[in-house]
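Colleague: Sequence:
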Amino acid sequence: MKSDLNRAMGWRETLVLSFLLMCGFIQCKSVRYQHDDSGTFSSVDNGQAQVQREDPVYWDGGQSRHTETYTQSRSLGEKRHHCRESNQDYDCIFQNVFIDNLNNAVLFGHAAQQLNNQSRLTFKNSTIRSLPRSLVDTYTNVELLNLERLQIETIQPFALANGQKIKELFLSYNNIASLDAGVFDYLKSLEKLVMDGNQLAILPVPLFRYTNNLNVVSMAGNNLDRIEDGTFRNNPNLENVNVANNRLTHFDLSFIPRLYEADVKNNLLQELNIPGEIHQLDASRNQIRRVVAQTGNTVEILSLSHNKLNTVGWLKPLKKLQLLDLSFNEIEDITSTDFKQLAKLNTLKLNNNRLFTFTMQSPSSRSLKILDLSHNSLVYMDNNLKPFEQLEELYLDHNSIVNVNLETLRKLSNLSLSHNDWDCAKLANLVSNLPVTTVVDFDTETHCKDNYKLERGICCTASDKPYHDRLIKYIAEVSAYERMNRNNAICSRDTVYDTVKSVNNEIASSGPPASPMLAKEVQDLKSDVQSLELRTGEARRQMSRDADKIDELIRTYRIPKQGLVQPSENLRKVFDHLKDRDSFRVKETAAHEGEKKNKEKEINDLEIENSEMQAALDRMKALRKQKVNETSQKTVEIKKLEAKKNKNLAARKNTK
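Those letters in the sequence shown? Residues -28 to -1, 1 to 628, by mature numbering (1 follows the signal peptide of the UniProt record, and there is no 0).
If you are wondering where the hints come from, they were derived from the structure by calculation, not from laboratory data.
Please note that the accuracy of each hint is not assured.
[Said to hold, decoys possible] Label pairs and their computed distance ranges (CB to CB):
1) 503 x 252: 48 to 54 Å
2) 401 x 512: 39 to 45 Å
3) 264 x 200: 16 to 22 Å
4) 154 x 548: 51 to 57 Å
5) 554 x 349: 40 to 46 Å
6) 515 x 349: 57 to 63 Å
7) 492 x 349: 20 to 26 Å
8) 429 x 349: 19 to 25 Å
9) 309 x 515: 30 to 36 Å
10) 492 x 401: 18 to 24 Å
11) 178 x 326: 43 to 49 Å
12) 524 x 174: 53 to 59 Å
13) 202 x 382: 50 to 56 Å
14) 349 x 312: 23 to 29 Å
[What the hints assert, rightly or not] Restricting the straight-line Cα-Cα distance to at most 30 Å, the calculated cross-link-like pairs of lysine-lysine (DSSO-like) are:
15) 312 x 292
16) 96 x 164
17) 559 x 573
18) 569 x 593
19) 164 x 137
Don't be surprised by glycine CBs; every beta carbon is placed ideally from N, CA and C.
Required output: the full structure, derived from the provided sequences and hints.
Modeller: Below, the structure written as structure tokens:
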């Protein structure tokens, strides 16, 4: 009985043990193992439990070893990254984060949300191809988010949805090519956005519709070609914009009313609208031909170097201007009225333009401290600088200046005089009255032109009529230039005439001649002007006759005449027509020659084929004749055999 009971108890224990083992087996089977990108395996189930583990040590060639501890969720492929460092600028620095895509979920920070209260985040030694939503969802208190140089290509939808407290966002030097229109919609507190060095080509108009606190935007070094007028209409606090080094052909700054500082250099802009409240504007290295300035403009620093400007009448409303850079443009004339209102101007750069004369009798001349007129075509500067009493720096190098009067420039400390056409007598008087340290550049022997010599470090020449000689030389240079460009319809006789006339007017307006020698030069110049007037009139009459001949050619060849252009353009159309006609005839003749050769070849081939067919026919005739002869012989033989047969039949009948 007792043994039976023991057997029964053993059976029950065995059954329970088997059941427990089966449950454990099923639970173990339900756990899957996932191989992650780091080369380790992680166990995952329904995502409820988390396992803390340590990554293996990585060998990086002996440079360093690093061990990163992260929480690995039991959801498939999820990985959690934690802040490992902090400094005075950032209270959360992530290291060695690699996110190639979002096929596998990525988690940041602690599971306990109260521990993720850091406000200044950045990354180090990391790559994030696609910005996940989990980062900002975890750190909802972030105010400064630095995501620079992470090779970001895309920003996932709602990746910034919990960034209501973000004030500064840095996304520079990534690979972002486009932005969704609503990517910044949730950044209500955003004040500064920096996205330099990406590949952006378009800014959607609604991109900044809800960022009312935006104050600074920088998108330099992208591929932007347009910024539409309504892009920043919902940003009343925007004061600083930097879109330098793009491909912009349109960006109207006047649609940003509170703009204080802007940088649009190195683009393709052709027109510039200067906002009313701006303080500093750099629009250099564009293709600007037209500038519009609002009345009451407050701009103080304006750089428009390396553009296509040829007039400066638009300067009048800029009464608060202090620094103006117009270097490397196409400006040919400066008058006093252009600068009449610029009483605060202290720096003016007009180097590398096309100035032949320079006159500026205005309040700005008394405030100027720096004036750069180098690399122009200035000749007459005798009394032009008298009003500039406050000048400290004056650059006149690389012109054609013969003489200059600097007696009133008591504060001058820097002066450049090299590469001009100085008269030696006047140069000696000029340099002797200047402190030795004032002149900051000098010529060398190799700089001096023919008939020039080096005196006091400056090339000069001795001449009784320096202005007259310079004018004759200038006319010779213009004639050479005219010959080079005659085919391009550049007729510079009028230009020479106008230039000489402007010099004459400039000298006349400067008052009575200071010396008999100058008076004689003025008289000689007037004679030259009269001579040029006669030559110009004859040249114009010749041009009229040439134009009539061109019209006759146009009618002869029935070519449409183009209006409001130089006669040379219509003549070029005649040449093009004749060239096309000759080309057509040459092609037509070549085509006929080709057809002729083809016909000759065809005839030759037919003759050869005919000869071959004739030979074949002769062979067939010979063969036919042979066959006829053979047939005749066979017929004779058959007849003989028939005769013999008949003879034998007759003999048999007789025998019977």
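Colleague: Would you say the C-beta atoms of residue 554 and residue 349 sit inside 40 to 46 Å of each other?
Modeller: Holds - the Cβ-Cβ distance for residue 554 and residue 349, about 43 Å, lies within 40 to 46 Å.
Colleague: Is the straight-line distance between the alpha-carbon of residue 559 and that of residue 573 30 Å or less?
Modeller: Since the Cα atoms of residue 559 and residue 573 sit roughly 21 Å apart, the hinted pair holds (cutoff 30 Å).
Colleague: Using the beta carbons of residue 492 and residue 401, state whether their distance is inside 18 to 24 Å or not.
Modeller: Taking Cβ atoms as reference, residue 492 and residue 401 lie about 20 Å apart, which means the hint holds.
Colleague: Please check whether residue 503 and residue 252 have a Cβ separation lying inside 48 to 54 Å.
Modeller: Once the Cβ atoms are compared, 51 Å apart, the range 48 to 54 Å for residue 252 and residue 503 holds.
Colleague: Does the Cβ pair residue 154, residue 548 satisfy 51 to 57 Å?
Modeller: holds, 55 Å
Colleague: Holds or violated: the 19 to 25 Å window for the beta-carbon distance between residue 429 and residue 349?
Modeller: holds, 23 Å
Colleague: Is residue 96 close enough to residue 164, meaning Cα to Cα at most 30 Å?
Modeller: holds, 21 Å
Colleague: Does the structure keep residue 312 and residue 292 at a Cα separation of 30 Å or less?
Modeller: holds, 12 Å
Colleague: Holds or violated: residue 569 with residue 593, Cα cutoff 30 Å?
Modeller: violated, 36 Å
Colleague: Given the hint of 23 to 29 Å, check if residue 349 and residue 312 actually sit that far apart at their C-beta atoms.
Modeller: At roughly 24 Å between Cβ atoms, residue 312 and residue 349 fall inside 23 to 29 Å, so the hint holds.
Colleague: Hint says 30 to 36 Å; check whether the CB-CB distance for residue 309 and residue 515 agrees.
Modeller: With a Cβ separation near 34 Å, residue 309 and residue 515 satisfy 30 to 36 Å, so the hint holds.
Colleague: Assuming the hint says 53 to 59 Å, is it satisfied by the Cβ distance from residue 524 to residue 174 or not?
Modeller: holds, 54 Å
When each numbered hint is compared with the structure, violations occur for hints 6, 18.
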